[in-house]
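S.K.: Here are the chains, one letter per residue:
Number of protein chains: 2
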Amino acid sequence: MGEQDEEATPSRTLSPSAEFPPPGEEEREALRQAGRQWGAVLQGQTTPLPLDPDLGRYSGTPAPSRFARLAPVEMFRAEEPDQLVATESATVPQSRAGRVLTRARRLVLGPPLASAAVVQERMRKLVALPVLSSDLLSSVAYGPEAMLTVLVLAGTAALGLSLPIAGVLVVMMIAVGLSYRQTVTAYPHGAGSYLVASDNLGPRPALTAAAGLMVDYILTVSVSVASGIAAITSALPTLRPLTVPMGLAVIALLLAGNLRGIRAAGNLFAAPTYAFILAVVVLFGFGLAQAARRGFVPVPPPDVTATEGIGVLLVLRAFASGAVSMTGIEAVSNAVPIFRPSEWRNARTTLTWMIALLVVLFSGLTLLSHLYGVVPGPEETLLSQLADRTLPAPLYAYVQATTALVLLLAANTAFNDFPRLLYFVARDGYVPRIFLHMGDRLAFRNGIAALAVPAAVIFVAFHGVTESLIPLYAVGVFLAFTLSQTGMVIHWRRVRGAHWRRSMAINAFGAVLSGLVLIIAAVTKFHEGAWVVLVTVPLLILLFLRIRRHYDKVGAALSLRGPPRGSVQPVLPQRPAPAPPEPPAYPSDGAPAEPSRGRESDGEGQQEIEDTPQEVRHLVVVPVARLDLAALRALAYAASLGQPTFAVHISPEEEEADRFRQEWTDWGDHLRLEIIVSPYRAIIPLLAHYFEALHALRPDLAVTVIVPEVVVPHWWQRLLRSGTGRRLRVAVRQLPGVVITSVPIHVFRD
Amino acid sequence: MGEQDEEATPSRTLSPSAEFPPPGEEEREALRQAGRQWGAVLQGQTTPLPLDPDLGRYSGTPAPSRFARLAPVEMFRAEEPDQLVATESATVPQSRAGRVLTRARRLVLGPPLASAAVVQERMRKLVALPVLSSDLLSSVAYGPEAMLTVLVLAGTAALGLSLPIAGVLVVMMIAVGLSYRQTVTAYPHGAGSYLVASDNLGPRPALTAAAGLMVDYILTVSVSVASGIAAITSALPTLRPLTVPMGLAVIALLLAGNLRGIRAAGNLFAAPTYAFILAVVVLFGFGLAQAARRGFVPVPPPDVTATEGIGVLLVLRAFASGAVSMTGIEAVSNAVPIFRPSEWRNARTTLTWMIALLVVLFSGLTLLSHLYGVVPGPEETLLSQLADRTLPAPLYAYVQATTALVLLLAANTAFNDFPRLLYFVARDGYVPRIFLHMGDRLAFRNGIAALAVPAAVIFVAFHGVTESLIPLYAVGVFLAFTLSQTGMVIHWRRVRGAHWRRSMAINAFGAVLSGLVLIIAAVTKFHEGAWVVLVTVPLLILLFLRIRRHYDKVGAALSLRGPPRGSVQPVLPQRPAPAPPEPPAYPSDGAPAEPSRGRESDGEGQQEIEDTPQEVRHLVVVPVARLDLAALRALAYAASLGQPTFAVHISPEEEEADRFRQEWTDWGDHLRLEIIVSPYRAIIPLLAHYFEALHALRPDLAVTVIVPEVVVPHWWQRLLRSGTGRRLRVAVRQLPGVVITSVPIHVFRD
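Line order of the protein sequences matches chains E and W.
Going by my numbering, 8 is the number at position 8 of the first sequence; the sequence numbering is gapless.
Going by my numbering, 1207 is the number at position 457 of the second sequence; the sequence numbering is gapless.
The set of hints was computed from the structure by calculation and includes no laboratory data.
We put the beta carbon where it would ideally sit given N, CA and C, even for glycine.
Be careful, since some hints might not be right.
[As the list claims (entries may be wrong)] Covered stretches of chain W, as calculated for chain E (at least 3 residues, CB under 8 Å): (1) 828 to 835; (2) 964 to 975; (3) 1176 to 1190; (4) 1207 to 1220; (5) 1375 to 1381; (6) 1437 to 1443; (7) 1454 to 1463.
With the hints as extra help, turn the sequences into a complete structure.
M.R.: This is the structure:
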């Protein structure tokens, strides 16, 4: 088993190349066809380059760049022919603001890491266990308390129900745990709920699982931080008013730490989890010892007035609240590849151990709470109350400290998992591609930010109170659990390996139980906050589908599909550039030149720039406002391209038009000048319409508009400039066949 | 007199061509030289154009644009050869958002007006008088009240001082009035304080006057609106809580009306002023008649507890407050050209009448307040109290209504004058050039907005209370008065026409008196708010100078200065474009090609695009991320330019680099491909550094970077795109010699 099912592809791993997906076979073939056309046109002739793009032949002493200590030439190493490798210094932007920002960022986050530093760390089971289980085990710090908080609403007597509910939850834990063991063996390269649902159920269920998980990860951060802060303020009540600022500081710390890209620190992360387990075990020891001295007679809890009657609904609510203890159970199935070989076997063993620990910690704490008659309250956590009553002061402090630490660690796992999930969803095109980008620290910084911001907002909105956050929590988790395990059921039916019926039954049982919890949580906690999740998840799915549709449309439009329209390609006798000096397309007698051609293309709609060079016919237009240095440079640049070129000037009045024509004559009238009088003083829309008109006349032409742009170094100076270039670019952006060229004119030298 | 001094130039009038200043003689000569160089290069050969830029030869049935009812070709009319005239529909932007905005704007503000609609309306004196005097005369609605408000601080007894203070103010009014009569005759084409100070005192005093006037105009709007609303709320006290929203609504109305470009409506504007004068005269009639029945014995004012003693300072403060009645006295000197000929004579007569009316209204109201023992209070204006006590209800309503109306009109004059002032200051380069632009309604919309926004802010900040605004008001006005009249003194000394000594004496007297008021206002009201103005004016002047310095530097950098560096111009044997296929500049044996040339230019620093065509040598670089349709179009466009071209690809990893090179080979390897491995995954800064490196190798090359830009129609779709083109443009903006060409790829057609 395990090896039997190698459908998991290497693409389950993360790679910085994911931003550059390779072409499909069809695209590859279309590419070859397009290439043959080019070859026919170019006929082996290429324009020789005036320099070596490898930068390598340069033997003078390079002058340092004004932006860095190195000369720009030294920022690149030629390792293979026609290939350069950029050094670290080439990653610093050139603009002053950009440089300052980059420096500041690197001061906080560290220098950039090369792609080669992506290493798949392998962990021993004893290290993997604490690293992967911090989320799961830390949830016992708030899970039993959440359950008791609901029960106590029906008064002290209802607290006795905690034991049977805990019993059911333990059964749940074992069932779901067994179910996930199946996933580990079936997907030995690791697969979270999204991938499993995607593989077996199709995109929509997968997106549902993804949306549920995203909500879950965000809430994991909020809840874990809130609970961690509660552990601290239980011990140091004077800090209570600082709950919100402390929580925000913790989230900021997690954000910064993860942007730095903390990794290869498994050993470091192992300690707090073990310390926490030890703390709870010590608590059990002392607690049970004292209870034994009382003959295990429960201390009667303080009298609490009931605000609700004991009913099925209340019990179910308490059950759903307690079920949040199970969050994090899916961690192992995501992370199979980090284990040493044979991965799936070690992962499965670790998962078993995790479940066992969870069951012990959860049931132990519930039992202890019962024996000590502890009632949850807003002032002090349940764990703190128990520790306070059973342990000496130093040990009490130890329990609180490790609890806070392990909760912090749990929040940190969300910072690892959320960007990974976004990466996989982005690779499928359902969220913006920016989530594929690994920052210079090899961290998915967009995904990290996308987690920290909503988590912080939710934390503040709920004033950092764990109890208020719990009702939102369970729904997303169990949505993902249910879909993942349903996916496994389909998987077994499809694959039919050894013992597939038994495996399927286990997963079906897990799926049904998870689904039940999902329904119970959604119904009983609807008013308390679950509705937020039930509204958010469908909205997220809609958003994902919309984004995918957009990317699909763009992808289809950009994909290569055999020879472009018009099957016969005019092959020119020689290299096409410069375009052979076409006779003037408009005869001087006023008859339209090749009207059929123009009309034909016009009827076809908006024609785009062609995609083989011989089809591109050029017309270069230079808008000129004043005949100053900027304009002359733009004109010189335009004329030197060797394509048909003319200038256009917009005048608000006839008089200005005459005056400008005089200037043009003074200059020598070297290029055709077209003046447009704009009696309404519009400039930008006018130029755009004029270019559109040119395009309408001859849709086969590529109209290149050459705009001089005066570049000033400071932002406040830019405010003083009219930004004609930018506004023109925006205005003509939607026009087909119009190319904008910005010729920069630097008026101040640094 | 008057005609003797024709130094006023026609540039005193407004023109939409001001945005396009003609070149100076030196620039013209440099232009001719540059032209001769081009001529030598082109040798009469120009590339024939494939279409007619006049659009005129097009005879097919034009298809309507997708953006308008007209085909884009029909949006332009060819009236002269090589010259088109844009129709109104060509002024509508093409983007959907732009179209919607333009439509909405035009619905509110009306269709665009042609430049030819700028007409200089001529007014009869009887029309000009009310139009020009609304600001001046309306200020009696708050001037006497402001004076009494200060006096009453010293208790009821101090109110008696109002009569002597008013006497001094009347002397002031006559003196300043006489002084401005001199300005009218000396500047028959009209000149406000800024132009007079600029002509005679130099730029800094002129800017001081301009800054003072700008503050003054802004406060005129705030004070007039506040006072007008007070006239309304005095009659209808239930509206008092709505003071601020009502005031904002009025300012918004003025803004909209002026953006519409209300003009040629002199007759309409004449009515409220006359109605107001009539109202005050009626008030006098009834008031004096009733007072006569009491034998002109003053009614003792109600007892008010003194909070300050009577002292010189209090009297001076009251004097400075009363002096705000003189705001608007300079209106005629600005507006001489609107009079019928002979303009200066009619203007002078009108000014005399205005002063006379001001003196009568001001002294009459002060006297009446004394006779009726009226004490100003926050609940009801002085004018309202007087009218209430003397007039029957319908006449009372009439007084209040005309007062509110004339104050609104006064605020409106600021909307005319402020943008004019900005226009003149902008023409001199001290404020951004956008204030030269006449919008499509012939209104200076930027200037109008620049007035309305601060006026509204100040109005809200002072809760629309006139009394709080008065202390800020006087300083700016009298600053401008003083400088304008000092300028006139210099003028007479310089020009020395007939009676120049007498004229100079009159202006000197006016200047001294104005200066005294300025000092008194600045000192006595410093704490009450004058300090705001005393701080703002110098800051504005600094800002103006800073802006001018920027424009000067840019202007100097862009001005043509004889032949470019290197006196001998290499004249190519034939037309320079396409650049003669240079032999590969780097020999294959690795020795640097023409090292001296590259080094020499390198040492010279950053070389820019040259400004004659034969000097431009091209290198075209196409950054390619994927070989998709967008990339192929960009490559085709690049190759078709017929210049040396190569492609560059950035890979995050070696493997991706190899894969991409394979794709490139599949395509046919038609262009040189350079791959840059970016181990730190930076893309944009890397490309920028690479281009800089290319430039460092061969500073004589113009590096044209061709970027395909996928254009999507909706803003939310743009959010999904990485915006590489835009980011690259920003990154390379500061690099010399790098030209960016955006080849648009439209993936969705409307």
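S.K.: If a hint holds in the structure, say so; if it doesn't, say that too.
M.R.: These are the hints, each one checked on the structure:
1. Requiring three or more residues with a Cβ within less than 8 Å of a Cβ of chain E, the coverage given for the stretch 828 to 835 of chain W holds, as 5 such residues are present.
2. Figure legend: the stretch 964 to 975 of chain W, annotated as covered by chain E; annotation inconsistent (0 residues with Cβ-Cβ distances under 8 Å, at least 3 required).
3. Coverage of the stretch 1176 to 1190 of chain W by chain E holds in this model, with 7 residues showing a Cβ closer than 8 Å to a Cβ of that chain against a need of three.
4. Counting residues of the stretch 1207 to 1220 of chain W whose beta carbon lies closer than 8 Å to any beta carbon of chain E gives 0, which falls short of the minimum of three for the stated coverage.
5. Coverage of the stretch 1375 to 1381 of chain W by chain E holds [criterion: at least 3 residues with CB-CB distance below 8 Å; count 6].
6. Coverage of the stretch 1437 to 1443 of chain W by chain E holds [criterion: at least 3 residues with CB-CB distance below 8 Å; count 5].
7. Evaluation of the coverage hint for the stretch 1454 to 1463 of chain W: fulfilled, as 6 residues show C-beta separations to chain E shorter than 8 Å, against a requirement of three.
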